[in-house]
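K.L.:
As given, the protein sequences belong to chains A and B, one line each in that order. Residues in the first sequence are numbered consecutively from 1, following our numbering. Residues in the second sequence are numbered consecutively from 1001, following our numbering.
A hint or two may mislead.
Said to hold, decoys possible - No farther apart than 27 Å at their CA atoms in a straight line, the calculated lysine-lysine pairs in the DSS-like style are these:
#: 1; chain 1: A; residue 1: Lys13; chain 2: A; residue 2: Lys51
#: 2; chain 1: B; residue 1: Lys1248; chain 2: A; residue 2: Lys51
#: 3; chain 1: B; residue 1: Lys1248; chain 2: A; residue 2: Lys13
#: 4; chain 1: A; residue 1: Lys24; chain 2: A; residue 2: Lys13
#: 5; chain 1: A; residue 1: Lys24; chain 2: A; residue 2: Lys51
What the hints contain is simulated information worked out from the structure, not anything from laboratory work.
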Amino acid sequence: MIPPGARVRLAPKARLQNDRLSGKAFLLYPERGLELSESAARIVAACVVEKPVAAIVDELTAASGEPRERIESEVLSFLDALDDRGLLVVT
Amino acid sequence: MTASGDQSGTLKGFPNPPAMVRGEQSSPAPHAIPRPYTLVAELTYRCPLACGYCSNPLDLARHADELDTDAWRRVFADAAALGALQANLTGGEPLVRPDLTDLVAAAHAQQLYVNLITSGIPADRARLAELAGAGLNSVQLSVQDVDAHGAAWIAGRDDLDSKLQVADAARALGLPLTLNVVIHRGNIARVPEFVALAERIGAERLELANTQYLGWALANREALLPARADIERARAIAAAAADRLRGKIEILFVRPDYYADRPRACMDGWARRYIVVTPDGVVLPCHQAGGIVGLTFENVRARPLAAIWNDSPALRAYRGDAWMPAPCRTCDERHTDFGGCRCQAFALLGDAGATDPACALSPRHELVREARARAEQPAAAPPPIRLRRMRSSA
């Protein structure tokens, strides 16, 4: 589990890319890829540069207007999924 | 997907996504043309190694007229336009192409995520730096064995020291590194050493890919197929290592389909997610399909890649499920395993349209059962192996 106080950034092997056919965001990594939902793409985009998880949550809360607790739980569960795949650097 | 090896397709693809991430569309309309996600560019069949499980065709020498740099540029552009997001530059050994840096740059220019699938021979730090500068995204390095005699038995030579230098160079350059080991009877006892090697060289991913018995590997099946207990032991070791190293090294152990009840989802379906282009420009759904008698695969020298992908009769032959025989036709798993491997059905039964005999529901499953039974017999000494040589292709 990533603690809320951690700093994260996308691992060097992961590349966020807009798909030229669908316009959707994909996260590409060695020989694989994930098609991202809009909210997932926003989280990934927020991780391109290293920052505290709390800053990502603040950013996405401000953009969505939804309750912070809900955004925080979404962000943490998605970051865990990325971390399980080795797609995050967590410090 | 066909034989084992660096290109073991069962390991790849666009996997099921976590929550909040939407995956590929799982069931396209029956007649829709699927979107390829990965181009497998077999740049050459030349290779300094001679692995007895190679996924290249047996008639290597017939494919010696390689596409030039410009022809590959067109292939990359056409594949990207079709929807490909990944390019696997493979072979043979892609490093023997003097224009490899240009090819990496050309694939990168099409926004493809460029993976180099290599034995690491011949490479040095300067060459890797050049490739990284051209846009290479990741390196998959194959190691045949950590035991010198074992390596010489399966590949005709031992290059472990050189490979370790290549791994070091890749890590120093910041290139993500996958260690690929094809598992067979001769090295399956050394899975713990392969895990330790992956940790030592800083690999981010370890593929323990059991040999798939097609092509060269089928010719050497008696020597390569492990006994069931060895497979189970290796699988348990790999699973424990995967748990221990989660988030640090992704460890994949692909069970050989000879020991599974259901066939593997070969290439995620025929001409569905992968396009393979051979060194001489032939467009295939997998590495081995060129050996299927009765199908004529087209060449990018004669027709654009998109036209071939969309309506070549050979690529349409086993797309979707209309071609399926019983018991696949009514099987609940037909959209999961796609009826298994067409090349295996052809190799073992002479009929590419039959149910894969690896499936326990196949009426011809006894062929696989019998091979398994023979694998239980202990061998007095390592049996002779037919090494992959260009000359052997007559």
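K.L.:
With reference to the structure, classify each hint as holding or not holding.
P.N.:
Now for the hints, and whether the structure bears them out:
Of the supplied pair hints, the one linking A/Lys13 and A/Lys51 holds, its CA atoms being roughly 18 Å apart against a limit of 27 Å. Distance hint between B/Lys1248 and A/Lys51 is fulfilled; the C-alpha atoms sit about 20 Å from each other, no more than 27 Å. Between B/Lys1248 and A/Lys13 the alpha-carbon distance is near 13 Å, which keeps this suggested pair within the 27 Å criterion. Of the pairs offered as hints, the one joining A/Lys24 and A/Lys13 holds, with about 20 Å between alpha carbons and a cut-off of 27 Å not exceeded.
Taking the CA atoms of A/Lys24 and A/Lys51, the gap is about 24 Å. The hint holds against a cut of 27 Å.
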